[in-house]
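**Q** Below, each chain spelled out in residue letters.
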Amino acid sequence: MLILARKGEEEIRIGDNIVIKVLGIHNGQVKLGIDAPRDVRVVRGELYREIQQANVEASHADRGAAVQAAAGLKRPT
Amino acid sequence: MKFTNRQFGELEFEDNHVVTFPDGLIGFEQFRKFLIVDDEATEPFRWLVSVEDGGLSFPLLDPGLLLPGYAADAATGGEKTVFVVATLRSAAGGSTVNLRSPIVIDNGARTAHQLILDDEGLPLQFPLAPSSPQKAGR
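Protein chains in written order, with the working numbering: chain B, 1 to 77; chain F, 1 to 138.
Derived by calculation from the structure, the hints in this document are not laboratory data. Certain hints may be false.
Cβ pair distances, simulated, as ranges [to be verified]:
1) B/29 - F/111: 53 to 61 Å
2) B/46 - F/52: 38 to 46 Å
3) F/43 - B/29: 27 to 35 Å
4) B/8 - F/94: 44 to 52 Å
5) F/62 - B/45: 47 to 55 Å
6) F/64 - B/48: 37 to 45 Å
Pulled from the structure, derived: some chain B residues nowhere near chain F, Cβ distances all over 10 Å [claimed, not checked]:
7) 15
8) 19
9) 24
10) 25
11) 41
12) 50
13) 57
14) 63
Idealized CB from N, CA, C, for every residue including glycine.
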């Protein structure tokens, strides 16, 4: 891991197309501006981990559980 | 070609049936090639089945069954098919679908991505329970 110290308004460039700028620092929270090409996924780390976890849990499904869930879906309300 | 899946046994497929995920699925980046398997026993759930790992499959649902209009919002441009990934739990009403990161398949190129939609209001665990307030279709 590369560790860099940056102050407000300073930037970090990653490759030719990605710029991360420190917009402000207030009460222990850093506000970052990120410019990246559309095909580069920029998301909060915790959301990415939650989706990973959801996928792992989804991959544990078996057909029996799906039959049961399907029956629940079809049941008239 | 043939391969064996834990749940479905031996499956035979043509190359042009394969859906390629250039980036894999989130958390499963190493697996790129999948089939969409229609399973009469589990209908309306379909399965995203890895041809590279015989133990890997994900139950999918057509989001139109739950939320009309969702697919059109999730995918724009060209002929696309949208699925949501389901998490099936044995507890009654415990099963959910992930509305935040749908699978979007480009029907022409047969490539697919798992998106992360910007709308923070979309839940990762949207309940499938029949008692949920959403109306079924129109």
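**Q** Next step is simple, just say for each hint if it's right about the structure.
**A** Quick rundown of the hints versus the structure:
1. B/29 - F/111: 53 to 61 Å: 38 Å, violated
2. B/46 - F/52: 38 to 46 Å: Taking Cβ atoms as reference, residue 46 of chain B and residue 52 of chain F lie about 29 Å apart, which means the hint is violated.
3. F/43 - B/29: 27 to 35 Å: 48 Å Cβ-Cβ, so the 27 to 35 Å window is violated.
4. B/8 - F/94: 44 to 52 Å: Holds: the Cβ-Cβ distance is about 47 Å, inside 44 to 52 Å.
5. F/62 - B/45: 47 to 55 Å: The hinted range 47 to 55 Å is violated for residue 62 of chain F and residue 45 of chain B, with Cβ atoms some 31 Å apart.
6. F/64 - B/48: 37 to 45 Å: Check failed, 27 Å falls outside 37 to 45 Å.
7. 15: 17 Å, holds
8. 19: Holds: least Cβ distance 20 Å, greater than 10 Å.
9. 24: Its Cβ never comes within 10 Å of chain F, the nearest being 21 Å, so this holds.
10. 25: Holds: least Cβ distance 23 Å, greater than 10 Å.
11. 41: It is violated; residue 41 of chain B is separated from chain F by about 6 Å at its closest Cβ, not greater than 10 Å.
12. 50: 6 Å, violated
13. 57: 5 Å, violated
14. 63: Given that some Cβ of chain F is not farther than 10 Å from that of residue 63 of chain B, nearest at about 6 Å, it is violated.
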